[in-house]
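**Q** In case you want the letters, here they are:
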Amino acid sequence: MMKKSHESLVDTSPEATTRTQLKEHILEIVSDSGEGAQKAGQSFGAISAKMGNGVWTVEIIPADIQPPPRTKESASGIRIRFGSTKVTNAGDEADVVVAFNEVVPYTRIDQEAYREGTIMLIENKWAADESEDIRKSYATAIQDFKDRGFVVYEIPMEEECLKLVSNPKRGKNMWVLGMLCQMYNRNIEKAEKQIKQIFRKKSQQVIDSNLQLLHAGYGWAAGNLDLRYDVPAVEGDQELVVMNGNEALSFGIQAAGIELCSMYPITPATSTSHHLAESIQEAGGIIHQAEDEIAAVGFAIGASYSGKTSVTITSGPGIALKTEFLGLAVMAEVPLVVIDVQRGGPSTGLPTKVEQSDLLAVLYGQPGDAPKVVLAPATIEECFHFVILARKIAEAFRMPVILLSDANLATGVQPFPRPQLREEWLSSPIDQSPRKEKSRPYDWDEKTGLSKRPIPGQTGGEYTLTGLAHSVEGKVSYKPEVNQHASAMRSRKLAAFGRTLKAPKVHGDPEGDLLIVGWGSTQGAIEEAVDHAREEGHRVSSVHLRFLSPFEPGLKEIFQKFKKVMTIEINYSDDPSDPLITGENRRYAQLAWLLRARTLIDIDCYSNVHGQPLSPGKLLDVIHQKLEQPVNA
Amino acid sequence: MFGIKQDFVCELPKKYYTLSDYEKGVARWCPGCGDHAVLSSVQRLCREEQLPPEQTVFVSGIGCSSRFPHYMNTYGFHGLHGRAFPVACGVKFRRPDLNVFVITGDGDCCSIGAGAWIHAIRYNMDLTVLLFDNQIYGMTKKQTSPTSRQGTVTNTHPHGSVLPPVNPLQTTLGVSNVSFVAQTADWVPGHLFATIKAAHEHPGFSFVKIIMRCSKFMKPLIDEMTKDREHLYLLKDEKGIQVDESTARIFTHQKAHDPSDIHAARELAEDEATHYLGLFYQNKEALRYDLYGAHNLGQSPEDKMSAINAQLDRYAV
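Each protein sequence line maps, in turn, to chains A and B.
Heads up: the first sequence begins at 1 in my numbering, then just goes up one per residue.
Heads up: the second sequence begins at 634 in my numbering, then just goes up one per residue.
No lab work stands behind these hints: they were computed from the structure.
Please note that a few of the clues may not be correct.
To be verified - A partial selection of chain A residues facing chain B, derived with a Cβ cut-off under 10 angstroms: (1) Lys50; (2) Asp237; (3) Glu239; (4) Pro265; (5) Thr267; (6) Ala303; (7) Ala320; (8) Pro415.
What the hints assert, rightly or not - With a cut-off of at most 27 angstroms between alpha-carbon atoms, the simulated DSS-like pairs for lysine-lysine come out as follows: (9) B:Lys657 <-> A:Lys438; (10) A:Lys479 <-> B:Lys657; (11) B:Lys830 <-> A:Lys479; (12) A:Lys125 <-> A:Lys169; (13) A:Lys436 <-> B:Lys657; (14) A:Lys618 <-> A:Lys447; (15) A:Lys438 <-> B:Lys648; (16) A:Lys169 <-> A:Lys39; (17) A:Lys452 <-> B:Lys657; (18) B:Lys830 <-> B:Lys774; (19) B:Lys648 <-> A:Lys436; (20) A:Lys475 <-> B:Lys657; (21) B:Lys830 <-> B:Lys860; (22) B:Lys869 <-> A:Lys436; (23) B:Lys648 <-> A:Lys452; (24) A:Lys86 <-> A:Lys72; (25) B:Lys888 <-> A:Lys438; (26) A:Lys475 <-> B:Lys849; (27) A:Lys475 <-> B:Lys774; (28) A:Lys190 <-> A:Lys202; (29) A:Lys618 <-> A:Lys23; (30) B:Lys917 <-> B:Lys830; (31) B:Lys869 <-> B:Lys830.
Where is the CB? At the ideal position from N, CA and C, for every residue including glycine.
Could you build the full structure based on these sequences and the hints that come with them?
**A** Have a look at this one:
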């Protein structure tokens, strides 16, 4: 019955025809930590994705665990950018913001998340608060918002919720979801389903109460709000799934047939473990929460050594602790998948914020020469597929493979084509049949450096793995020629693997005035900025690297076709205009360092450590600036 | 192909392993080092138990003792300083079919690896753990060990070590879920063998502290320990470690001790003036983390894929 009444509301209302049709919109919901803005926003994103919209969501995470309410530190929320077609990044300033109080939006104002004309829907209960300070604060802020050019709507959220529930602190978010569903012409049935899904572990009473609030918000907006939008979806026939990058990693681990994830909790990697803990046992695997980061990787290496190729998942500080074991895995040629969901560094740094600053650490963190494969997924879909790839490379090339994700991918939510699982992903490529007596554990092939790894249980393969320099027989040896040869063989595997790669695709024309090079989660923002610049008539292209060690081939050839080349990254580099900085002593962004060394081309960089995803608008400015500089400046 | 039906092909008798099947190379420990005695005992145990070399893994850390796996013709893992426990636990977690031994030293276990040691005790996985405790860092040439007696003159404490030592027995017995704690000495071969055998048979984390002689750096201590019969006691109990009469005769003193009594075990461990050889504590019922680790092994690819697909359904648009 309910269903019918709402169908009629949407389909037959005269307003339905007068809705503003949008190609895309950026919506934010901000509240005090614990008020459920994220849950409402995630639901809104999921509903939109299910309606066929392109979606990208990104979480706004409070700085503290339990910050005092109504402070800037308490701002918790979510941004949802959704459109008619695929959305690849969080975009520029928001079009609409829903705020649960007048203080939390200031965190986002500081981060330049809003613009003149941003519509602000704000809880109005503070206007009548019993505290005079709060009433004043509210009045001042509302005036300030108007002065900033925001279009302010004061919404009686609490007042309306009180008609249904006694404690609107819980549930106000679902009322807001209902209001937004009305505003954006979202399918209410899908919203109901979403609520049933997120509260599936709760009682029927809780579900019913939230459904009531949803409908109340929906109905209230129909009668009281003149904002009527639609972001029509382009119907595709492809089956989609929608999830965040950490969930995609978890699915990837399971689909890769990895039977063990050994980890220690660390932000922002941990939610992968949460998802795994819920699901991996059904899929034949298990998760081990180790006593520390070092033990976590040691445990994984032990399991990998015994034939159960494992994954350990961590973030920057954990990578630092795992360094010695990573060196051992390289030296002793133990396959291992290491996932690093990067955050701001160094040290404890910015635990919840995005940075791409572990690249050099994972490549060069070990004493001695420690060649290894490093991959960086650029999309949430790639977070899934790259784990499967990583396992295969690790086993085929008998070495650790490091996957660099980041906080932006970890918490961003995006729909992508549902992976079609394959049995061969699950299986180990290892030959477990008995080996010839006295077979050699490091019987390196001179051309490729590859050797066949014995697994405990295999007769004839008995050997003692060691982190000491060793010969083809696996025997400890400090002879100069033995160590030189063994090091060359481990290095040669990278060259051999590199030969299997293709040159990366150039986004835009293959030649021009400026080439932007990026890696990891920035692809969407970079390409959007490049497209914009190209529409303006600029000769700009971009290339996005997935393989950081070894690099994809042909980079120098690509770079030489552009007058200028620069990387755009989220990590630290000296600004050339800073005091004391010269062309000689400038410290470059991490990929820029590597590419300069690799190509001997004078590659520039733009990077920052704001802890925020890069926005296309900002990158367009960077492109303009770089284009204006004389060549060789 | 010779007209013999498959069904009638008789099975060859299983291979009988001799000591030489477990031996590899010449151990490069100093003459008079206690490590040689443990190596012989372990090789004898392997033969006696007929442990298939390919199903047996020796995991070690770094130090004199940790060279041990190189002298066993089985699988071995000579890894990082202080990290034998996590590696061994990882080996065992999804491979219940393997016999896993941990060879560690007083520095490896009780100093740099202390964190992993505590948790490995609690995990109580089926590992045979041999702590070679010679109270000194030998490989790096005589630095103070966490188990060095207070006042030990070393290259890092030329005026004598400052702190009282760590007591490995007391520490192990203090960790929850502890399941097997024994002590033996390298110069009492009968007792050494019997203890390692009992440890191997114990279903869980069997911790054996072996009082070791470092002939190079701790000669005076060795002379004192091996000659002093007054402070050497054999622990006796029907549930304890059984030794033959000739071994029992070495001991001037014997002490009755019920290895199911953890409080009595802790009291014995605290008595640092006396060396009690035997089984301090055993609990075969302690929870085993390796059983949890292996509980869902062997699922078919079809089952795995349908489980993942069912999960994916929840994320479907």
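**Q** All hints, please: hold or fail.
**A** Comparing the hints with the structure gives:
1. Lys50: Holds, about 5 angstroms.
2. Asp237: 12 angstroms, violated
3. Glu239: 7 angstroms, holds
4. Pro265: Since the shortest Cβ distance to chain B is 15 angstroms, the answer is violated.
5. Thr267: 21 angstroms, violated
6. Ala303: 4 angstroms, holds
7. Ala320: Hint on A:Ala320: violated, closest Cβ of chain B at ~15 angstroms, above 10 angstroms.
8. Pro415: 6 angstroms, holds
9. B:Lys657 <-> A:Lys438: Holds. B:Lys657 to A:Lys438 sits at ~12 angstroms (cutoff 27 angstroms).
10. A:Lys479 <-> B:Lys657: 21 angstroms, holds
11. B:Lys830 <-> A:Lys479: At roughly 39 angstroms apart (the allowed maximum being 27 angstroms), A:Lys479 and B:Lys830 break the hint.
12. A:Lys125 <-> A:Lys169: 12 angstroms, holds
13. A:Lys436 <-> B:Lys657: 18 angstroms, holds
14. A:Lys618 <-> A:Lys447: 47 angstroms, violated
15. A:Lys438 <-> B:Lys648: 17 angstroms, holds
16. A:Lys169 <-> A:Lys39: 13 angstroms, holds
17. A:Lys452 <-> B:Lys657: This hinted pair holds, its Cα atoms lying about 22 angstroms apart.
18. B:Lys830 <-> B:Lys774: 32 angstroms, violated
19. B:Lys648 <-> A:Lys436: Judged against 27 angstroms, a Cα distance of about 16 angstroms means the pair holds.
20. A:Lys475 <-> B:Lys657: 11 angstroms, holds
21. B:Lys830 <-> B:Lys860: Measuring from Cα to Cα gives roughly 26 angstroms; hence the hint holds.
22. B:Lys869 <-> A:Lys436: 48 angstroms, violated
23. B:Lys648 <-> A:Lys452: 26 angstroms, holds
24. A:Lys86 <-> A:Lys72: Cα-Cα ~32 angstroms, so violated.
25. B:Lys888 <-> A:Lys438: Cα-Cα ~49 angstroms, so violated.
26. A:Lys475 <-> B:Lys849: 25 angstroms, holds
27. A:Lys475 <-> B:Lys774: With Cα atoms ~24 angstroms apart, A:Lys475 and B:Lys774 stay inside 27 angstroms; holds.
28. A:Lys190 <-> A:Lys202: 19 angstroms, holds
29. A:Lys618 <-> A:Lys23: 21 angstroms, holds
30. B:Lys917 <-> B:Lys830: 15 angstroms, holds
31. B:Lys869 <-> B:Lys830: 17 angstroms, holds
Checked against the numbered hints above, the structure violates hints 2, 4, 5, 7, 11, 14, 18, 22, 24, 25; every other hint is satisfied.
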